[in-house]
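Chemist: Make a model of the complete structure from these sequences and hints.
Protein chains in written order, with my numbering: chain A, 1 to 213; chain B, 1 to 213; chain C, 1 to 226; chain D, 1 to 226.
Hint data in this document are derived by calculation from the structure and do not stem from the laboratory. Note that the Cβ used here is the ideal one computed from N, Cα and C, for glycine as well. Among the hints, a few may not be true.
Simulated pairs of lysine to any residue, SDA-like, Cα-Cα distance not exceeding 25 Å [to be verified]:
#	chain 1	residue 1	chain 2	residue 2
1	D	134	C	58
2	D	46	D	14
3	A	139	C	21
4	C	4	A	41
5	B	72	C	58
6	B	72	C	35
These stretches of chain C come out as covered by chain B in the derived footprint (C-beta under 8 Å, 3 or more residues) [claimed, not checked]:
#	region
7	21 to 30
8	73 to 81
9	125 to 134
10	176 to 182
Listed here are the chains, written in short residue letters.
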Amino acid sequence: MSSWTRAQMAARVADDIPEGWYVNLGIGMPTMVADHVPETREVIFHSENGVLGMGPAPEAGQEDPWLINAGKQLVTLRTGGAYVHHADSFAMIRGGHLDLCVLGAFEVAGSGDVANWATSENDTAPAVGGAMDLAAGAKRLWVMMEHTTKDGRPKLVRRCSYPLTAIGSVRRVYTNMAVLDVTGTGFAVVELAPGVTREALEAATDAELVFPA
Amino acid sequence: MSSWTRAQMAARVADDIPEGWYVNLGIGMPTMVADHVPETREVIFHSENGVLGMGPAPEAGQEDPWLINAGKQLVTLRTGGAYVHHADSFAMIRGGHLDLCVLGAFEVAGSGDVANWATSENDTAPAVGGAMDLAAGAKRLWVMMEHTTKDGRPKLVRRCSYPLTAIGSVRRVYTNMAVLDVTGTGFAVVELAPGVTREALEAATDAELVFPA
Amino acid sequence: MIDKTVRTMAEAMDGIQDGSVVLLGGFGSVGQPDALIDGLIEQGAKDLVIVANNAGTGRIGLARLMELGRVRRIICSYPRSAGSVVFEELYRAGKLELEIVPQGTLAERMRAAGAGVGAFFTPTAHGTRLAEGKEVREINGRPHILEYALHGDVALVEAWCADRWGNLTYNKSGRNFNAVMATAARLTIAQAHHIVPLGELDPEAVVTPGIFVNRVVAVPPKGDNT
Amino acid sequence: MIDKTVRTMAEAMDGIQDGSVVLLGGFGSVGQPDALIDGLIEQGAKDLVIVANNAGTGRIGLARLMELGRVRRIICSYPRSAGSVVFEELYRAGKLELEIVPQGTLAERMRAAGAGVGAFFTPTAHGTRLAEGKEVREINGRPHILEYALHGDVALVEAWCADRWGNLTYNKSGRNFNAVMATAARLTIAQAHHIVPLGELDPEAVVTPGIFVNRVVAVPPKGDNT
Numbered sequence: 001m002s003s004w005t006r007a008q009m010a011a012r013v014a015d016d017i018p019e020g021w022y023v024n025l026g027i028g029m030p031t032m033v034a035d036h037v038p039e040t041r042e043v044i045f046h047s048e049n050g051v052l053g054m055g056p057a058p059e060a061g062q063e064d065p066w067l068i069n070a071g072k073q074l075v076t077l078r079t080g081g082a083y084v085h086h087a088d089s090f091a092m093i094r095g096g097h098l099d100l101c102v103l104g105a106f107e108v109a110g111s112g113d114v115a116n117w118a119t120s121e122n123d124t125a126p127a128v129g130g131a132m133d134l135a136a137g138a139k140r141l142w143v144m145m146e147h148t149t150k151d152g153r154p155k156l157v158r159r160c161s162y163p164l165t166a167i168g169s170v171r172r173v174y175t176n177m178a179v180l181d182v183t184g185t186g187f188a189v190v191e192l193a194p195g196v197t198r199e200a201l202e203a204a205t206d207a208e209l210v211f212p213a
Numbered sequence: 001m002s003s004w005t006r007a008q009m010a011a012r013v014a015d016d017i018p019e020g021w022y023v024n025l026g027i028g029m030p031t032m033v034a035d036h037v038p039e040t041r042e043v044i045f046h047s048e049n050g051v052l053g054m055g056p057a058p059e060a061g062q063e064d065p066w067l068i069n070a071g072k073q074l075v076t077l078r079t080g081g082a083y084v085h086h087a088d089s090f091a092m093i094r095g096g097h098l099d100l101c102v103l104g105a106f107e108v109a110g111s112g113d114v115a116n117w118a119t120s121e122n123d124t125a126p127a128v129g130g131a132m133d134l135a136a137g138a139k140r141l142w143v144m145m146e147h148t149t150k151d152g153r154p155k156l157v158r159r160c161s162y163p164l165t166a167i168g169s170v171r172r173v174y175t176n177m178a179v180l181d182v183t184g185t186g187f188a189v190v191e192l193a194p195g196v197t198r199e200a201l202e203a204a205t206d207a208e209l210v211f212p213a
Numbered sequence: 001m002i003d004k005t006v007r008t009m010a011e012a013m014d015g016i017q018d019g020s021v022v023l024l025g026g027f028g029s030v031g032q033p034d035a036l037i038d039g040l041i042e043q044g045a046k047d048l049v050i051v052a053n054n055a056g057t058g059r060i061g062l063a064r065l066m067e068l069g070r071v072r073r074i075i076c077s078y079p080r081s082a083g084s085v086v087f088e089e090l091y092r093a094g095k096l097e098l099e100i101v102p103q104g105t106l107a108e109r110m111r112a113a114g115a116g117v118g119a120f121f122t123p124t125a126h127g128t129r130l131a132e133g134k135e136v137r138e139i140n141g142r143p144h145i146l147e148y149a150l151h152g153d154v155a156l157v158e159a160w161c162a163d164r165w166g167n168l169t170y171n172k173s174g175r176n177f178n179a180v181m182a183t184a185a186r187l188t189i190a191q192a193h194h195i196v197p198l199g200e201l202d203p204e205a206v207v208t209p210g211i212f213v214n215r216v217v218a219v220p221p222k223g224d225n226t
Numbered sequence: 001m002i003d004k005t006v007r008t009m010a011e012a013m014d015g016i017q018d019g020s021v022v023l024l025g026g027f028g029s030v031g032q033p034d035a036l037i038d039g040l041i042e043q044g045a046k047d048l049v050i051v052a053n054n055a056g057t058g059r060i061g062l063a064r065l066m067e068l069g070r071v072r073r074i075i076c077s078y079p080r081s082a083g084s085v086v087f088e089e090l091y092r093a094g095k096l097e098l099e100i101v102p103q104g105t106l107a108e109r110m111r112a113a114g115a116g117v118g119a120f121f122t123p124t125a126h127g128t129r130l131a132e133g134k135e136v137r138e139i140n141g142r143p144h145i146l147e148y149a150l151h152g153d154v155a156l157v158e159a160w161c162a163d164r165w166g167n168l169t170y171n172k173s174g175r176n177f178n179a180v181m182a183t184a185a186r187l188t189i190a191q192a193h194h195i196v197p198l199g200e201l202d203p204e205a206v207v208t209p210g211i212f213v214n215r216v217v218a219v220p221p222k223g224d225n226t
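Modeler: Below, the structure is given as structure tokens:
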């Protein structure tokens, strides 16, 4: 079975982000999306730790240890960016000012529920970070993840089995196999990766799928 | 009967403000207090409209129309001052960061209740401004006012008849006749103005008075 | 290229609907978005709810808007002040609804709207007639009252400098309600004394990041030569 | 003359009591008040409640304080991260209480403490296990949960520049939790890279006005030559 690489997934997400949006990219795979937005298209990236207008990683020799993103990687500030403190940064998130947040996830349900912070009820000290704020606060929540777990279990599900991050928040999911919109009762397929068949997608998904007519 | 002038009252209040306090002075008579704090004693004045470290009125020719206080008078900024927005300015007030607020009042009760914003229940459009925030928020609330109304009615009372600004907030009252501490059930006389007798004070007060032994 | 600057007042006011909640910045005469208020008068929206610290003075600006019968309700801390003649006439005639809010609660309710806080408990106004009908709860031994976020459909603010991303700075006490109102509305329109090239504002000193601002129009203050 | 600068770490730490709630600024390694944490280790206060974004890494700083058995409880958003070995050991052994709070709720709870808000309703974490036992209320059609202000007895923060009034600025992403924690404690102690003469900080660009700061100690960051 063919499918999108991570870079292709990141490029696919980037394609859907129009100029002028304020966007927070979650730690991990979503961070790659920024590299696929052309410089000529002004998208303003936000990092929870108080950076609005975040730019790419610094060039060698230009690193500033005082400028990191939420994933603790060294970054830069674009011309026009600004620094704020944590409460103001989360006011942007929680007040509904971000046009988009892209998060990774363990599971997404057809209801839009998302689980991305704790892998089981027995994990007593999981790290939530800003995930719940982002999931509840952004105008749109997209999830970017592999379609299944490493051992092949579906991550698009009828009901999340892992502890929830937020209820009914996800609008769209980008996986290595497809782009899917959350319908509330399942997922509507927007696009299949090259070589991925309807049957393959159904086999890898534990939720209702609606295909374009 | 002798008593303190307004300037003497302001000087008396100023005498009780130690260096390093953060102080908000209400519109009207309390504003005069700042002029009686010697420049060598650093007291940091706060104005609700976002000025911390407010200085005196500008000298002629030095006026800046962008720098006013809560009473809409032109002021200056002391070296070391800072500007903030309204929510941050009131965070200072409401978060208990001001050491002192000095307000004028219509009535103060021995319980510490204060009425200073509306003169009757029928005044349907009174202007509250920041009075309730200041009265509830400052670490200490002092009131500075004439001891009686123009027609001689007591303003230190058993129970406020005017609409309240705050309950149980006032710590100390400075009038033209005396300095008095709020006890919870009345007022303890700290100091009488020159020429004011115990009898005169009692006649001008409608609340329990405790005199020093 | 993102460019939030607009060339005309008509563009700046485009789409403001009848019945909107309009937040008006300024405190006293400092930081009032006078040109935008005139733009709103010209634009024609009516049945407005106005949130401002004062209820207008004289017969210009907000007072003029009220005199034209375009304001249904005003939410403010200090309605009756020297020169608030239009307010007093309309209010006495029963032609204007009034909600008086303590100044700090007013600022905090808009801060809450901007920050995604639905409601909050504050000690301010407890035991006063401005707390009548409000939920009371004791927290840490002190009674608090419940106040709700106050959202604007539109905020009209005055800034000192702005860039094409909508980053704003203010001048001295002109910051006042402007910075908090800018966060609390769906559509924030700023009039700015200076439009500066992107990058000219110090990223450590931007007061209102552009995320909160939708449109910027250049309006040097009257009589200003800088 | 007001002078909040102190000459020694012992003076900076004076009076911190056993059982204190201590707010620790920083995010990742940026803006961490390392010298003050070492000062607190030296000072000896125990039975502490620590509020920080992370639960310490390696065996220095906060991790060292925990390893010494001086921390009873930690309130944070991201306890388990690369190198949080001391936390994991103590937590697994039942020697450390943990309260996990969403990062924005953590910041907002301290902002509430600093701003006199007793509690507030937020949609964040509704329907998750971090909302268990919390009051739920629907506001504008959306369920919110009630969160309480989080007050510190002490805040330890790292600033870039400070003056003798305690005005602070920060450096880039070093602002993070520092500025909000500075407002939320009874005793705020700042380590500053530079102590500058009063008046050198732009009044338009002070991030933490001195009203929130009690003590300032000069601590250039390690390896810094500026």
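Chemist: None of the hints should be skipped; say for each whether it holds.
Modeler: Hints, one by one, checked against the model:
no., hint, verdict
1, D:134 with C:58, "violated, 50 Å"
2, D:46 with D:14, "holds, 14 Å"
3, A:139 with C:21, "holds, 21 Å"
4, C:4 with A:41, "holds, 15 Å"
5, B:72 with C:58, "holds, 16 Å"
6, B:72 with C:35, "holds, 21 Å"
7, 21 to 30, "holds (count 4)"
8, 73 to 81, "holds (count 5)"
9, 125 to 134, "holds (count 6)"
10, 176 to 182, "holds (count 5)"
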